[in-house]
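Asks: Below, each chain spelled out in residue letters.
There are 6 protein chains.
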Amino acid sequence: MKKQEKKVKKNTQTGKKHTDHTTIANFLYEIGTLRKLMRMHRQVLLTDDMSDSIASHSYRVAMISWFLAKEEGADPYKTVMMALIHDVGEARSNDHNWVHKRYIKVFEEEIDQEQFGSLPYHDLKDFIDEYQKRESKEAILAKEADTLDQILLLREYEWGGNKEASIWLYGNSKKNIKRQLDKLKTRTGLLLGEAMYSTNPSDWWSSLWTSKNR
Amino acid sequence: MKKQEKKVKKNTQTGKKHTDHTTIANFLYEIGTLRKLMRMHRQVLLTDDMSDSIASHSYRVAMISWFLAKEEGADPYKTVMMALIHDVGEARSNDHNWVHKRYIKVFEEEIDQEQFGSLPYHDLKDFIDEYQKRESKEAILAKEADTLDQILLLREYEWGGNKEASIWLYGNSKKNIKRQLDKLKTRTGLLLGEAMYSTNPSDWWSSLWTSKNR
Amino acid sequence: MKKQEKKVKKNTQTGKKHTDHTTIANFLYEIGTLRKLMRMHRQVLLTDDMSDSIASHSYRVAMISWFLAKEEGADPYKTVMMALIHDVGEARSNDHNWVHKRYIKVFEEEIDQEQFGSLPYHDLKDFIDEYQKRESKEAILAKEADTLDQILLLREYEWGGNKEASIWLYGNSKKNIKRQLDKLKTRTGLLLGEAMYSTNPSDWWSSLWTSKNR
Amino acid sequence: MKKQEKKVKKNTQTGKKHTDHTTIANFLYEIGTLRKLMRMHRQVLLTDDMSDSIASHSYRVAMISWFLAKEEGADPYKTVMMALIHDVGEARSNDHNWVHKRYIKVFEEEIDQEQFGSLPYHDLKDFIDEYQKRESKEAILAKEADTLDQILLLREYEWGGNKEASIWLYGNSKKNIKRQLDKLKTRTGLLLGEAMYSTNPSDWWSSLWTSKNR
Amino acid sequence: MKKQEKKVKKNTQTGKKHTDHTTIANFLYEIGTLRKLMRMHRQVLLTDDMSDSIASHSYRVAMISWFLAKEEGADPYKTVMMALIHDVGEARSNDHNWVHKRYIKVFEEEIDQEQFGSLPYHDLKDFIDEYQKRESKEAILAKEADTLDQILLLREYEWGGNKEASIWLYGNSKKNIKRQLDKLKTRTGLLLGEAMYSTNPSDWWSSLWTSKNR
Amino acid sequence: MKKQEKKVKKNTQTGKKHTDHTTIANFLYEIGTLRKLMRMHRQVLLTDDMSDSIASHSYRVAMISWFLAKEEGADPYKTVMMALIHDVGEARSNDHNWVHKRYIKVFEEEIDQEQFGSLPYHDLKDFIDEYQKRESKEAILAKEADTLDQILLLREYEWGGNKEASIWLYGNSKKNIKRQLDKLKTRTGLLLGEAMYSTNPSDWWSSLWTSKNR
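Chains as they are written, first to last, in my numbering: chain A, 1 to 214; chain B, 1 to 214; chain C, 1 to 214; chain D, 1 to 214; chain E, 1 to 214; chain F, 1 to 214.
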């Protein structure tokens, strides 16, 4: 231990300024609170799924966006990074559902500037700026991933019996229209959205099942 | 809607095979269950923090690993992707803490092959293989990020009053040794680990506080 | 049952318009979601107390405000009603802690107008308007009750071991200053705040304890 | 701070006895535990809704009772106060569902006397006594609000997929009888109960929806 | 399947009456609700440990009582069975902490009669009757196990930072008296209680720890 | 207190070695963590029922196994003890659902040896060894109880609206085949399984209902 601490000391003299690492550590504590921030569609879906936090949501959005980027020939690195930070600002604004948006103004630019602007690297600030503009292929795909995660969640809630989720997915009529597909903007997004509707949340394990111990 | 559905149909004829999108959708449902898998150190830390799931953990590990890669001059894309998928296998094995490891063998190679091998792209399989070897700079840093997230969590639990977390962080003696630093293997890891010990989990908001409405 | 339904029919013909009762029912469903809205100081206090919702908070604030009104010679009815609805708007805006306030503008007047303006009675709209102005004795006391509930909660969290709550209550120094009292504005508020600091959260049951069955 | 503390000191000399404020503070800590007391119909409804505590329930009952009082020309202040305290006794008895009632005797008068009798004001004791008698208009309406909150909850649980809640609401037969209306005793109660059955828990937000940021 | 169903049919004709199995199934659904009944010391300990249900509590009490019976030379079968059912009645009465006991009468004999009296076997009724009398060695030990589980829980909560648990364990003075030992009545109970105080909740895994995968 | 402590001292001199009681206390702390271990079918059933822990599960399995032993003329003591400890090993291996089993080897014999081998009595080790062999009547019945508890849980989840639970119970086809009965191996198991399918989870309280206070 002693040896290590010396190593750190030495490193701090020759290497990066200590303040930078403290800045990063603080940022990491900040994004740690994203696992305590529940996504607010829970209010209107009347669900008690506490596992759907900004952190766990952003995790799957990042994974979805990677596939979208690969399929659409976009830069997967940039798309994933945008997905990872697309809701980081909610640590400072809280999440707002589609009722809240009606009555709330979030000063996103200030958040983006103050969260990312003082970090040792400028890349995250650049990523979030590009994402907010929704112009580049990557920005559009990261947003598409956000929408697709919503479909996955609604399907999971429908599977648990939630009637409101069913209405969001299929509407109130008997026609069973796949309403959520309307929000999708890309070819791959539509194909994935279709697949999410037609596959059941439990299909992935249906072929893996075993009752035998090894 | 109708128009969109036609668009999907046409796309499936000229573009990717439909099965691929179903395969991806199934994979996304599978990793969705990572938010239901609690990290098992909770058993030995006697904590009730249900927000510390494999999904929310992997999220912060990905963010940490990005900073490590930037500081250490590694490929940030590869490092982040490894971090994102480093625990995906636990969807098929469950998480195991340091007591469980003693009595459990996980057939990781089979999991890796069956989870990633049939996906339309081979990149994720390559990433996990490289991560498992722990040889490349990126693999070492993604693992380092995993360890650093543990320090952040322990500090957060210590802040909530958890005595076991304090013992893990500082040992039982009065010397307050920073025990967790022993596990770190890189220069930046050590500097960040030091910063996590010396910064408090609430420092990030101490300068942001306001009681005024806009 | 049949008889009752007829009674309702008849009543709807001679009595209030049916729409009014639907409006009230919708309002009651809306405020029902307040029990799903967690108070957001949990993000910065790192607490997992899911029982601290806008609904349960508003409940105790109403009770506190009743005592304040009695002690200060204010109108207890008005004070209690203001307390009951002081956070109803958060059903449409979500709750925001003292970090969020920095980056968020809530269009409260629009919320107040749209939530209360179309209800069959105008009293609630009047109460919330008076509360927002913070001029009347009753408005000041309802707000004071809000602050006092915060002290009670911090004391309860301190009792559970939360270090951040202790810092909020006493500051970081060793002087153990009762920091939260600074926010109080009325004589009774101060006296109650003092009492909340000096009484322990478990004192109320210390004289009630029995191990005997009746 | 110092100035404030002096102010308190001075006030305690000239004003109310300090013991009174301690008594009130203890009472407020006691009713704070109502948010930890789950309503026990959850046992028989097999629901995991931890947000339905005595505190959050009492909150909505108070709001319902206000509307009932206004519609029925009763004293809204008295009705609301009765609603607010109608379950405070459960801090000392725990909640009991309709199975428990069969096997339990609660010495309510002792609870009422010991909880409210030593408070600095006698009003709460008077309110609870009047409520327990169920004779006055206000007492009947506060109880009616209690029943109506049950209908709201059952409808919310039905919306989440709970089959038992559906049976409670409509019975087991195909006739879809509105069984819960049988428990209602007042004209407005019936009209509101009808409206709760015919309105869906999500109707309130259907016209508020927006996807645009401000 | 068809073959099995025939087998059941045949069995029901020659074997036990079908009603008995329905009676048992209903009893098993009833005791299933014990996992939804939180132990009520949580109200006064201000803990959010939802895992401490009547079911999980009874589980450990049964295990403790087995050791007590072995050490004290009592009948382990009878002792364990008493422990398993000692709180089954709470499915019909709810749990009551030491404040509740002051204001509540539970008609335990009626519960015991109605829960166990109509089961196909009379043994459980005999066990509960013997337990309620607290005369036999086994009854005394099953109760002792109940008390010892409380010590274990308090130690676990103390380990998580809970100050109230510390007061229950050691009192308010600085003398650190082991207060809970006063409640113990048997030699082995005292020895085990002592050991629970002197061993830490995490000692069991301290020698099992490994970071190596198999 | 002093007297008691002396008594303990004296006892430790003449009686059992102190280490034994520490060993037992450590074992009891270890099995206390079973209430923190969620059963992993929750991952594939997408349920949020945190009350279904290894501890609460083992509790009902013990009760079921008692009835099975009585009906089948087996030794109820042995059967109950096997049920109580049948999952104790999961404190050291974690729980694994039917997907996990495919990729995991649990070194159960080592766990059994290290958990039970050093306890002051050898009985528990003997019980677990007999259970693992699944040869004796008692071992078969304890396992049958494990399966029956799964049926009870699936029925409870079906009752809450869970579609996946319905598929597990009845299959995907419209034929409503009672699929879970296939897993049962004994006559009483089948009869009880049948009864669990035909009785509803709420039937037990349908005749107990009362709205009258005593």
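Any given hint might turn out to be false.
Identical copies go unnamed one by one, so any copy, or any two together, can satisfy a pair.
Mimicking BS3-like on lysine-lysine, the simulated pairs with C-alpha atoms at most 25 Å apart in a straight line are [stated by the list, open to error]: (1) K105 / K174; (2) K125 / K178; (3) K70 / K174; (4) K212 / K174; (5) K105 / K125; (6) K70 / K105; (7) K212 / K178; (8) K174 / K133; (9) K183 / K101; (10) K212 / K175; (11) K125 / K163; (12) K133 / K183; (13) K133 / K178; (14) K125 / K212; (15) K137 / K212; (16) K163 / K174; (17) K101 / K212; (18) K70 / K163; (19) K105 / K133.
The set of hints was computed from the structure by calculation and includes no laboratory data.
Asks: Confirm or reject each hint.
Replies: Okay, the hints, checked on the actual structure:
no., hint, result
1, K105 / K174, "neither (37 Å within a copy, 41 Å between copies)"
2, K125 / K178, "neither (36 Å within a copy, 33 Å between copies)"
3, K70 / K174, "neither (36 Å within a copy, 40 Å between copies)"
4, K212 / K174, "neither (43 Å within a copy, 29 Å between copies)"
5, K105 / K125, "both (21 Å within a copy, 23 Å between copies)"
6, K70 / K105, "neither (34 Å within a copy, 34 Å between copies)"
7, K212 / K178, "between (39 Å within a copy, 22 Å between copies)"
8, K174 / K133, "neither (38 Å within a copy, 49 Å between copies)"
9, K183 / K101, "within (17 Å within a copy, 31 Å between copies)"
10, K212 / K175, "neither (43 Å within a copy, 28 Å between copies)"
11, K125 / K163, "neither (40 Å within a copy, 33 Å between copies)"
12, K133 / K183, "within (18 Å within a copy, 41 Å between copies)"
13, K133 / K178, "neither (28 Å within a copy, 44 Å between copies)"
14, K125 / K212, "between (51 Å within a copy, 23 Å between copies)"
15, K137 / K212, "between (47 Å within a copy, 21 Å between copies)"
16, K163 / K174, "both (14 Å within a copy, 19 Å between copies)"
17, K101 / K212, "between (51 Å within a copy, 7 Å between copies)"
18, K70 / K163, "neither (35 Å within a copy, 34 Å between copies)"
19, K105 / K133, "both (17 Å within a copy, 21 Å between copies)"
Hint violations for this structure: numbers 1, 2, 3, 4, 6, 8, 10, 11, 13, 18, all remaining hints satisfied.
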